[in-house]
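Line order of the protein sequences matches chains A and H.
Using this note's numbering, the first residue of the first sequence is number 640, and each one after it goes up by one.
Using this note's numbering, the first residue of the second sequence is number 640, and each one after it goes up by one.
Among the clues, some could well be false.
Below, simulated DMTMM-like cross-link-like pairs (lysine to aspartate or glutamate); rule was C-alpha separation at most 20 Å, straight line [to be verified]:
#, chain 1, residue 1, chain 2, residue 2
1, A, K642, H, E690
2, H, K647, A, D711
3, H, K647, H, E672
If you are wondering where the hints come from, they were derived from the structure by calculation, not from laboratory data.
Bear in mind that the values here come from a model prediction, so they are computed numbers and not experimental data.
One letter stands for each residue in the lines below.
Number of protein chains: 2
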Amino acid sequence: MLKTGNLKRDLAAGSLPDEAFYLLVDRPGIRIERIVSTGQTTPEGQWYDQETDEWVLVVAGAARLRIEGEGDDRSLGEGDWILLPAHCRHRVTWTRAAPPTVWLAIHFR
Amino acid sequence: MLKTGNLKRDLAAGSLPDEAFYLLVDRPGIRIERIVSTGQTTPEGQWYDQETDEWVLVVAGAARLRIEGEGDDRSLGEGDWILLPAHCRHRVTWTRAAPPTVWLAIHFR
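Sequences are here, hints too, so could you generate the full structure?
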């Protein structure tokens, strides 16, 4: 029985209070997850600071990302990806709420 | 300087003789690649038989996949993914040529 799915289906009809995380692959050296955002952002003054590298893709929707030390947000649309090295501090400053924004995030060492 | 890109841009205008491979991440335990297919299939009688697990996503376009031992092809459309364990023999029996079919493949141990 092979594991299958569709990243764009089964999206929330309305806005959710929190981002929804779906773990697709979980191994010692790699984690693949789908994240559905409906307007959520990283709380003011907080940064993601991760132990592992992250390759992240906007599958659907749109978002803005701020990298620490950069003067402006980066705008991400469908198909855009970015490779965030471990400890590259970053914040999500905007996500499109409707239709939802779908991310694919791959964390690896 | 962060590595960035867009999976859906810079597609070939016409059909290419071969599938186009773009290596996005290459580490000892993980390889992430983008593949652009313009009608190519696995040659008759051949199977992919890989040493590593593969998580594969159809980013754009459509394809058909045959898994050894299954009676029918599986149809894959945008957003569909499948986790192929190592040595799960499979063949690509059809890919949409125009606009091209874009895959994201993650190989890992």
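Please name the hints from earlier in the document that this structure breaks, with their numbers sorted from lowest to highest. 2
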